[in-house]
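J.: The task is simple: from the sequences and hints, build the whole structure.
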Amino acid sequence: MLKQVHFGPSYIPYLLVTPQILITLVFFIWPAGHALYQSLLIEDAFGLSSEFVWFENFEVLFADEHYLGTFKRTIFFSVLVASISMGFSLILAAMADRVIKAAMVYRTLLIWPYAVAPVVAGALWVFMFDPTLGILTYGLSMFGYDWNHKLNGNEAMALVIIAAAWKQVAYNFLFFLAAMQSIPKSLIEAAAIDGAGPVRRFATIVFPLISPTTFFLLVVNIVYAFFDTFGIVHTITQGGPAKATEILVYKVYNDGFVGLDLGGSAAQSVVLMAIVIALTVIQFRYIEKTVEYS
Amino acid sequence: MATVQLNNIGKVYPNGFKAIHDVNVEIDDGEFIVLVGPSGCGKSTLMRMVAGLEQVTSGTISIDGQEVNKLEPADRNIAMVFQNYALYPHMSVYQNMAYGLKIRGIPKAEINERVNKAADILELTADQLVRKPRQLSGGQRQRVAMGRAIVREPSVFLFDEPLSNLDAKLRVQMRIEIKLLQQQLGTTSIYVTHDQTEAMTLGHRLVVLNFGRIEQLGTPIELYEKPASLFVAGFIGSPAMNFTDAKVSADGDSVDLIGGVSFKLPEGIYRSFANKEVVLGMRPEDLEIASSDDDRRDMVTRLVEQLGADTLVHGSFGEAKADMTIRLSGIQNFNPGEVLPVRISPNKIHLFDPQTEKRLD
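Protein sequence lines correspond, in order, to chains A and B.
Residue numbers for the first sequence follow this note's numbering, so the first one is 5 and each next one is one higher.
Residue numbers for the second sequence follow this note's numbering, so the first one is -16 and each next one is one higher.
Read the hints as simulated data drawn from the structure, not as lab findings.
Note that the coordinates shown come from a computational prediction; the quantities given were computed from them, not determined experimentally.
Each residue gets a CB set at the ideal place from its N, CA and C atoms; glycine is no exception.
Among the hints, erroneous ones may be present.
Here are some, though not all, of the chain B residues that point toward chain A, as calculated from beta-carbon distances under 8 Å [to be verified]:
id, residue
1, Ala57
2, Ile61
3, Met63
4, Ile86
Computed spacing ranges between beta-carbons, pair by pair [unchecked claim]:
id, chain 1, residue 1, chain 2, residue 2, range
5, B, Asn95, A, Tyr118, 42 to 52 Å
6, A, Thr28, B, Gly122, 50 to 60 Å
7, B, Ile252, A, Pro188, 21 to 31 Å
8, A, Val30, B, Leu153, 53 to 63 Å
9, B, Asn95, A, Tyr149, 48 to 58 Å
10, A, Tyr118, B, Gln78, 33 to 43 Å
11, B, Arg117, A, Gln185, 14 to 24 Å
12, B, Asn95, A, Ala182, 12 to 22 Å
T.: Here it is as structure tokens:
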């Protein structure tokens, strides 16, 4: 038996996907192709001449200690952003799942940060932690801690990580909560009758059952930390102090548009492109495995 | 092994809905009690209160004489079989059964022994023990769910419509297995169902619930022979009891249908109800073909249903248009329109008050 409804050939499906295909071509495929080509060129700073050099840009890149340092920094940053934001949203979701009264209010409030643009999120944290004006800096000074992320690289990194993680909590929360609510209530009740308390139920029943969602979010969060945190870094630290918060995606911008090393910057983009392709493959390959709940 | 007492149990939901009104049940040690009623009658709510999954609004629940109202489900020493089995999908069959024991800190060797014993009783093979629940058929999952209850060796089993997800044939088979298992283990059990056949076959005693109240509590045969209300009379028995409006005669020795047909009542019992409007109830299987002329009543056949083992004849008496069903054993050939001579023993007649819907006798 046919599993799908079949219609006669029609131009309408093609017409309907045309706008999306055009947008993808103009804004994604064409620039990506251009970056690929550019990564094989060395251009002078004024853009007057360029030379085709094959993989010289990549050779220079991987021999560059600064680049490898940035790579490690980015991994550190991504792991911390992903684990802090996922851990925090997991706790929030577990608590929201147990709330019965005014559950909608909690959920709506917890989802709000997702609607905030990265630049605005960055600005928010910059204000709060400003070394001279910030309310939280003031609060920390009362405990005798002198916060200045403009001078201290570790503090700058901590601030960028907190801001980036905060921004992603809402998104993770939404998925975790949905996953928890799709677990049949009777499973939790059965575990309660079997003698498992709330913490044990979470550890042995809920957490294993939401593992597909957790894995999905892990990939999404790493992609987010790698690529979507440019706005946050740009507003909070501009990669400083002394490149302490310069992550890969920020270095692409810095080297290309500030340093005007277009070939080297394009080569860095190509490396990032390879990373995102790899992550997407992992996601499609392993996440399609779904869990049957009953 | 335990007794269970429900004393004046009431349940009011936060939105003000009264789900259970003042329910009293005393369950003996080793007894199999079935809570039965239509959907929304409160039977599941009542069981969930015993399990500790719902708060009790008023009254007390005691297991083995100890009040459990405030106890967590884990501390009540009960085990429950859920309608959707509620097996942990990420654990093997063995792990599913061992979970509750592991949490209670029982040594590994004993867990192993108990699980294997339960698997033996339920005829689960060693090969099935290592599988995940999704690799099992509906009947096997049902067995695992029961196994998870058995290994805990609880003092009370709770069954929440455990057979309603199975197909008709398997349901009959599992019904027998549950009954045998309970006989073998002798554990006090409470079973919720909306299926009257399941209720009649499984329960030592039945609690018929309607709108959160007990309509009647008794053995299956008591409920069948002396239904306390119109609701119980209509609910127990299949095909359902025939009802028609009637009036007790002036001498109280017979009951008259509209249109002149009348049936004899047992002598003396209904004297005090002389001239009273009543609802007359007659079970389809109690109506039979009359062999002599003196107590026959003519029924006009409207429809004949052949079931092989039985024949159901639908028709009506004289001017009274109320539909009557007769259940005759074996294959009987009648044609629509045919007039059948029908009789019923006076002591098989049930009379109910049309206002209170209670049984009259």
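J.: Evaluate each hint against the coordinates.
T.: Verification of the supplied hints:
no. : hint                             : verdict
1   : Ala57                            : holds, 4 Å
2   : Ile61                            : holds, 7 Å
3   : Met63                            : holds, 5 Å
4   : Ile86                            : holds, 4 Å
5   : B:Asn95 to A:Tyr118: 42 to 52 Å  : holds, 49 Å
6   : A:Thr28 to B:Gly122: 50 to 60 Å  : holds, 51 Å
7   : B:Ile252 to A:Pro188: 21 to 31 Å : violated, 53 Å
8   : A:Val30 to B:Leu153: 53 to 63 Å  : holds, 60 Å
9   : B:Asn95 to A:Tyr149: 48 to 58 Å  : holds, 56 Å
10  : A:Tyr118 to B:Gln78: 33 to 43 Å  : holds, 37 Å
11  : B:Arg117 to A:Gln185: 14 to 24 Å : holds, 21 Å
12  : B:Asn95 to A:Ala182: 12 to 22 Å  : violated, 38 Å
When each numbered hint is compared with the structure, violations occur for hints 7 and 12.
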